[in-house]
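Those protein sequence lines, which keep their order, are chains X, G, C and R.
No gaps in the numbering here: position 158 of the first sequence is 157 in numbering that gives the first Met the number 0, and each next residue is one more.
No gaps in the numbering here: position 118 of the second sequence is 117 in numbering that gives the first Met the number 0, and each next residue is one more.
No gaps in the numbering here: position 16 of the third sequence is 15 in numbering that gives the first Met the number 0, and each next residue is one more.
No gaps in the numbering here: position 22 of the fourth sequence is 21 in numbering that gives the first Met the number 0, and each next residue is one more.
For the record, the hints were derived by calculation from the structure and aren't laboratory data.
Quick reminder that beta carbons are idealized off the backbone N, C-alpha and C, glycines included.
Hints should not be assumed to be uniformly reliable.
Stated by the list, open to error - Quick look at which bits of chain G chain C covers, simulated, 3 or more residues with Cβ under 8 Å:
| no. | stretch |
| --- | --- |
| 1 | 6-19 |
| 2 | 107-115 |
| 3 | 124-131 |
| 4 | 207-220 |
Given next are the chains, with one letter for each unit.
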Amino acid sequence: MSLITSGRVVGLGVLAVICGAIYYYMYQAQQGNLANIRRLPQVDAIDELIARCVEMNRELWFIPGGGVMTNAFVLPGILSVFGILSYVTQRCAEFGAKIHCPTRNPIGYNIQYEIMREAYEAAGKPEEFDPLETIVYFPGGAMRPYIVQGAHSRKPAAAILLGAYYHQTIIFCEALQRCGAMTLGGTDTTHNIPFMVAANNYSLIGEEMYAMSAYLSKDPVLGSTLAGQDIGKYLAIAITILGVLLSAAGMPFADWLVI
Amino acid sequence: MAVTIGMLVASWMCVMLYTILYGDQPISRFAEHIYMGTTAGYYAYVNLRFYWDKGIVQMMEPGKIHFIIPVILGICVYARLYTPTRWVYRYPMAILMGSMLGVSIRTTVFSQIIDQFILGNLPPLAPIVGVPAGMAINNLIIIFGSICATVFFVFSHDFAGPTRYIHRIGRLFLLCSFGATYGNTTSYRYELMAGTMISNMLRPVELLPYTLGFIVVVAIALVVIFKMGIASWD
Amino acid sequence: MSDEMYKSTIPFWIITILGALTIVEYFFPFIGNIVGGPLEMLRTYSTILAGAAYGIGTALLVANHGRRIVRRTMAPHWAFSIVFFVSIIVTVGVMLIGGQTGPQAQWVFDYILAPSGQCLYSTTAFFISTAGYRIFRFRNLDATVLLCSGLLILVSVLPLFTGPFPFFVPMAMWLNNVPVVAGYRAFVMGTSFGSIGLGLRIMLQKHPEALG
Amino acid sequence: MSGKTIWRRALDLDHRIIATGIFLIITYMILSPIEIPFPVSSYGQQYYDFVTEVPAGTTVGFMMGDTVATKPQLKPSTTITMWMLYEKNCKIVYWYDKVEAVGLMNEYIAVVDEMSSRELVYGVDYIDLGFIAGTETGAVAFLENIRGVTGGVDVNGDPIDSFPIMEGVNGGGDFAYGIANCGCECTEPMYIRQWGMPYGTELATINCAMDLPAITLYLATGQLRATANGLLGSAEFEYLTGRLGLAFGQILAVSFAGLYFVILVVLGNVFYFIDRSQGGN
């Protein structure tokens, strides 16, 4: 019996490099050496959206995507939004904009509820958190009519749509755009990202959403872990280029990778 | 008889639900709440039935008493509904989340990173030498495009100077892919719509007059609702 | 033992240990021999848990609507909450009587649930049409690339276009097999790295929101 | 309305009018269809070849995660796949990760039973292992140990060991060929990484059209063998097996709706650019 299951050696190596790099950057950040992370332009967009809401005296809608948290497949998309929700709620409370969060994630509901309550407390305005109105729960199917009709009658000034989105993307984006809202959208599910990109004023593509979550986190250490992930990408690119060159030279490079 | 009534109900539900396109008014809200109740009940029943069959019933069988663990943890999930015991749900969630993260990370690295990006870009899956020129060029485009698009997701580098062109080309490749999804999705949505109308509203032909009649009734009702100001048109 | 200990420290350590062991047993057979069985059992448990967890949505919904009826808030919408209760009671009732594949449950499924679900889902078609008219513009290079590729793929899957103009099919095939593969490869790899990073952050307990 | 050009006003056309237009087009095309021939795409051919390639008499794993919304498109390809496999005396083990499939399973089996030249016997030709909760962890646990997750019983509560079909089948590795109907949830990558990759099962998916671009990359590397792509896949499959039916009728209505969409995009752009050149915004 071999030490490592055959066929999985390279995978283990890649995983070890990524984890090691992430841990290294996290350790460095704890020592005070923060990694240089590119500022995403969408971060400034959040402030712009909130300012618009204050100016027009209308609501900001934060719509976290769907999916259930018992599904590993959409879990990263759901989890990454929690940090952003915390940030946006606190900003809204500070600036005095009203935030409304219709959620359709049954297990996420309580977590989001707590996050928003804590954010209002952190901003020093716990009395403005309305447990019945600030965050409401809807089951998956009923969310569509709620958003369409709500956008029609309540006319939010801005909306942030982030999370694991399914087909609702275009309904929500179009309904919100139609009522004049400015939108920031992002998702990591492959089949609805085009509508997020095409229909929203600002968009976050796939991994940018996770990056934003780490970036906006109160803990600066998390931002630095992004640099660790980048090491993984550089590694993949390097192996690819090297592999293409070596294979073109006639060496069976691909066979080496399946040990 | 039950089938005929069912078909009528189905087509009428569809007509009422389609009125959400005409604004926020009572007709669509009525249908929406029926749908909400049915779907919530159905989903909850099937899922809890799974819990009952695989958990509680199995627990009662001889030698399977250890299934009492998921049964108790399952009850713990509901502790979150009551604030003082909220922390209890963290235990079942921790078990779920630990397993989920583990199983997804351990295979993602193979199927999505190594097999897909690295091996997929290498010969022999993407031959460059010894194949027709068109194929070699295609493969080079894939390799170049996927590397550029990966660079788009690099966050620890400011894209100024020449590297910003790589970033830009990467974005264009991504947008091209999204465009393809967008075209397919558009056709898929129309497929959904045609499917809905074929299977619920327009067939069988004998029931068509009832459906059309109901559409007329709903249209008149909508006009009345908007004229009387029960719901606003704008 | 302090409150903090069993309220948050232990659950987070459960995530860390369980996640790490699940990953490690996949690579090292000698560890798999030791912990493989218990972990497999835990995964079996977690499917049962997942089934139980689903009901929480319905519980929340019932609580919401009950509250609406009791307080008569959001008038006149509370009246619809009664409709909601009638339909949930009827659905659960018929399923309790005849089982999940019984004739009554099948009727509810076939003639209420299925058509309404399809119908609400298909309203996306209308929103796509209006979005096509109002939003999708050849504003700049990015939008042009997105739209051109979208329109080409769209016409290539519709027989009305491919019948008279069969050359759309090979063009779309090339697009699907070359640039689209390149773009999605990077996208998929990016999200994979992102999810590995996120998972690792949770396992290193740097993401306290994960458990709320 | 001062300051607004006619083009601007055309652009502000009420969305309800556009919606009514699409409603009318699809209704008309369904009620009075016309026939047009079309070329079969390579995806359709690839899927047909995959199903033909499955050796006679093998046990095939079938994840039947169809949903009510995707039923009109995927039902033809799903049922024809099942029929083709049964005609070769293959045995099929069904399970599903979606709640809605509970209601659809019997309907599909009934359709296939009618198409099939022989009587299908439960427990010999097919078995229904029911709904498995917990999507990805559910799939992993199920494919590791079927008897553990299902508790050793099928959907009706009968012990699965009493059925001959389940002899020697207890995991993903026992299926040489697998088909996953992923509906519209885009879970193909999940089945690739939890079923195809670790167990070496030859995997094909039935999925809605929007997932296609996101899975062409798996087709290119061979991680996924074939895909039946939405309504077009169904129509092509009906065409290749010579069983024209439901899908063939719909594809025309969809074509005209697509034409309407293209016209809308073009008109929207023309109005927009004329308006902009005349000083609008």
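We went through each hint and held it up to the structure:
1. 6-19: That given contact holds, which follows from 9 residues of the stretch 6-19 of chain G lying within Cβ reach (below 8 Å) of chain C.
2. 107-115: Held - the stretch 107-115 of chain G has 5 residues with a Cβ nearer than 8 Å to chain C, which meets the minimum of three.
3. 124-131: violated (count 0)
4. 207-220: violated (count 0)
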